[in-house]
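Visitor: As you go down the protein sequences, you meet chains A and B in turn. The first sequence begins at 7 in the numbering used here and counts up one residue at a time. The second sequence begins at 7 in the numbering used here and counts up one residue at a time.
It is worth saying that the hints were derived from the structure and are not from the lab. These numbers were taken from a predicted model, which means no experiment stands behind them. All C-beta atoms, glycine included, are put in the ideal place defined by N, C-alpha and C. Watch out, some of these pointers could steer you wrong.
[Said to hold, decoys possible] Straight-line Cα separation of at most 27 angstroms, DSS-like style, residue types lysine-lysine; simulated pairs:
hint : chain 1 : residue 1 : chain 2 : residue 2
1    : A       : 61        : B       : 80
2    : B       : 21        : A       : 61
3    : A       : 68        : B       : 105
4    : A       : 104       : B       : 105
5    : B       : 93        : B       : 105
6    : A       : 80        : B       : 93
7    : B       : 61        : A       : 21
8    : A       : 104       : B       : 80
9    : A       : 93        : B       : 61
10   : A       : 21        : B       : 68
[As the list claims (entries may be wrong)] Quick list of the computed label-pair ranges, beta carbon to beta carbon:
hint : chain 1 : residue 1 : chain 2 : residue 2 : range
11   : A       : 57        : B       : 42        : 19 to 25 angstroms
12   : B       : 76        : A       : 60        : 47 to 53 angstroms
13   : B       : 53        : A       : 100       : 25 to 31 angstroms
14   : A       : 37        : B       : 68        : 47 to 53 angstroms
15   : B       : 72        : A       : 60        : 52 to 58 angstroms
16   : A       : 46        : B       : 72        : 47 to 53 angstroms
17   : B       : 48        : A       : 107       : 31 to 37 angstroms
18   : B       : 29        : A       : 38        : 40 to 46 angstroms
[What the hints assert, rightly or not] Below, a sample of chain B positions facing chain A; criterion: calculated Cβ distance under 8 angstroms:
hint : residue
19   : 19
20   : 24
21   : 37
22   : 54
23   : 57
24   : 94
25   : 100
26   : 102
Protein chains: 2
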Amino acid sequence: MHSPVEATLQVIGSKWTVLVLRELVGSVRRFSELERSLIGISPRTLSMRLGNLEKNGIVDRKVYPEIPPRVEYKLTALGRSLEPILKVMHNWGASFTKKNA
Amino acid sequence: MHSPVEATLQVIGSKWTVLVLRELVGSVRRFSELERSLIGISPRTLSMRLGNLEKNGIVDRKVYPEIPPRVEYKLTALGRSLEPILKVMHNWGASFTKKNA
Chain A
7 MHSPVEATLQ VIGSKWTVLV LRELVGSVRR FSELERSLIG ISPRTLSMRL GNLEKNGIVD
67 RKVYPEIPPR VEYKLTALGR SLEPILKVMH NWGASFTKKN A
Chain B
7 MHSPVEATLQ VIGSKWTVLV LRELVGSVRR FSELERSLIG ISPRTLSMRL GNLEKNGIVD
67 RKVYPEIPPR VEYKLTALGR SLEPILKVMH NWGASFTKKN A
């Protein structure tokens, strides 16, 4: 690990991870809802990304003992602390995409 | 491309790219200086990362016709507009690394 910036990238810096985080900003989501929103993601990849986020304390997973079991994901306080980063990345990317359109 | 956040990731989101950018914040650097600072980077990888940053308008490359030729890199105005992102990523990563130490 060379730097704090790199640590942040390791937590959020893969394509699907930022898209999963974006879905969870301000919302509690079920696995199946995430799968439907993230077009093209495989259940295996979604599961791995959520698992890493949970391991890093970014996402909280709650299982409700229903039949069939309901599994919900939401951001932890640490996860919510990523929102300003996602926001500046969003704004910069929107302006960059516009310039290069 | 799913989102502006993803556009930003595509521009800055590889390990060496953020480290190259960090070296260029506030400094003009020669290729050889970057190579020395970024321990473990291959000349080929450094060259490709700088080439992509130049193509995206983030980095400006200037060749001075000396013998041997001197090649200098610096951030463009667009590149400098990434500084707030790198800064929030730095701060978040520093706090995250401390928590997980």
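Visitor: Now tell me if each hint is right for this structure.
Guide: Do the hints match the structure? See the list:
| no. | hint | in the structure |
| --- | --- | --- |
| 1 | 61/A to 80/B | violated, 38 angstroms |
| 2 | 21/B to 61/A | holds, 21 angstroms |
| 3 | 68/A to 105/B | holds, 23 angstroms |
| 4 | 104/A to 105/B | violated, 38 angstroms |
| 5 | 93/B to 105/B | holds, 19 angstroms |
| 6 | 80/A to 93/B | holds, 26 angstroms |
| 7 | 61/B to 21/A | holds, 21 angstroms |
| 8 | 104/A to 80/B | holds, 23 angstroms |
| 9 | 93/A to 61/B | holds, 25 angstroms |
| 10 | 21/A to 68/B | violated, 32 angstroms |
| 11 | 57/A to 42/B: 19 to 25 angstroms | violated, 38 angstroms |
| 12 | 76/B to 60/A: 47 to 53 angstroms | holds, 50 angstroms |
| 13 | 53/B to 100/A: 25 to 31 angstroms | holds, 30 angstroms |
| 14 | 37/A to 68/B: 47 to 53 angstroms | holds, 51 angstroms |
| 15 | 72/B to 60/A: 52 to 58 angstroms | holds, 55 angstroms |
| 16 | 46/A to 72/B: 47 to 53 angstroms | holds, 50 angstroms |
| 17 | 48/B to 107/A: 31 to 37 angstroms | holds, 34 angstroms |
| 18 | 29/B to 38/A: 40 to 46 angstroms | holds, 44 angstroms |
| 19 | 19 | holds, 5 angstroms |
| 20 | 24 | holds, 5 angstroms |
| 21 | 37 | violated, 19 angstroms |
| 22 | 54 | violated, 18 angstroms |
| 23 | 57 | violated, 16 angstroms |
| 24 | 94 | holds, 5 angstroms |
| 25 | 100 | holds, 4 angstroms |
| 26 | 102 | holds, 6 angstroms |
In this structure, the earlier hints numbered 1, 4, 10, 11, 21, 22, 23 are contradicted, and the remaining ones agree with it.
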